[in-house]
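J.: Sequence:
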Amino acid sequence: MKSNELRAKDKAQLDRELQDLLKAQFSLRMRKGTQQLSNSSQIKKVRRDIARVRTILRERVVVK
1 MKSNELRAKD KAQLDRELQD LLKAQFSLRM RKGTQQLSNS SQIKKVRRDI
51 ARVRTILRER VVVK
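Quick note: the sequence shown, position 20, residue 20 per UniProt numbering, numbers continuous.
If you are wondering where the hints come from, they were derived from the structure by calculation, not from laboratory data. A portion of the hints provided could be inaccurate.
To be verified - Capping the alpha-carbon separation at 25 Å, the derived lysine-lysine pairs in DSS-like fashion look like this:
1. K2 x K44
2. K32 x K9
3. K64 x K45
4. K44 x K11
Said to hold, decoys possible - Derived DEER-like restraints, expressed as beta-carbon distance ranges:
5. S38 x R60: 35 to 41 Å
6. L22 x V63: 21 to 27 Å
7. R60 x S40: 30 to 36 Å
8. E5 x K32: 24 to 30 Å
9. D10 x R48: 20 to 26 Å
10. I43 x A12: 23 to 29 Å
11. Q42 x N4: 21 to 27 Å
12. A51 x A12: 18 to 24 Å
13. K11 x T34: 31 to 37 Å
14. K44 x K64: 27 to 33 Å
15. M1 x L37: 19 to 25 Å
Glycine included, C-beta positions come from ideal geometry on N, C-alpha and C.
Between the sequences and the hints, there should be enough to build the whole structure, so can you do that?
T.: This is the structure:
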């Protein structure tokens, strides 16, 4: 997911995206704990996507 795509979304869409990413992160962590996750790099990608969304949400708060 690119920052430009995220910046085009409104706050409600970003909040929804953040919730989806947090659920995905939880699911991946549980799968890793039970040895069912074959590609552990997915955790890193989701974590960075979460950071991107939170950064954009924070930028909008600071600008206002």
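J.: Hints first: check each against the structure and report whether it holds.
T.: Status of the hints after comparison with the structure:
1. About 15 Å separates the Cα atoms of K2 and K44, which keeps this hinted pair within 25 Å; it holds.
2. For the given pair, K32 sits about 31 Å from K9 by alpha-carbon distance, which is inconsistent with the 25 Å threshold.
3. For the suggested pair K64 and K45, the alpha carbons sit about 29 Å apart, so the restraint of at most 25 Å is broken.
4. A threshold of 25 Å between alpha carbons decides the hint, and for K44 with K11 the separation of about 24 Å falls inside it, so the pair holds.
5. For S38 and R60, the Cβ-Cβ distance of about 37 Å falls inside the hinted range of 35 to 41 Å, so the restraint holds.
6. At about 24 Å, the beta-carbon gap between L22 and V63 stays in the expected band of 21 to 27 Å.
7. Between R60 and S40 the beta carbons are some 32 Å apart, a value that agrees with the proposed interval 30 to 36 Å.
8. Checked against the hint of 24 to 30 Å, the pair E5 and K32 passes, with Cβ atoms roughly 27 Å apart.
9. In this structure, D10 and R48 meet the distance hint of 20 to 26 Å, their C-beta atoms being roughly 22 Å apart.
10. Checked against the hint of 23 to 29 Å, the C-beta distance between I43 and A12 comes to roughly 26 Å, which is consistent with it.
11. In this structure the hint that Q42 and N4 lie 21 to 27 Å apart at CB holds, the actual value being about 22 Å.
12. Taking the beta carbon of each, A51 and A12 are about 20 Å apart, inside 18 to 24 Å as hinted.
13. Checking the proposed 31 to 37 Å range against K11 and T34 shows it holds: the Cβ atoms sit about 35 Å from each other.
14. Look at K44 against K64: about 32 Å separates their beta carbons, and that is inside 27 to 33 Å.
15. Between M1 and L37 the C-beta distance comes to about 20 Å, which sits within the given range of 19 to 25 Å.
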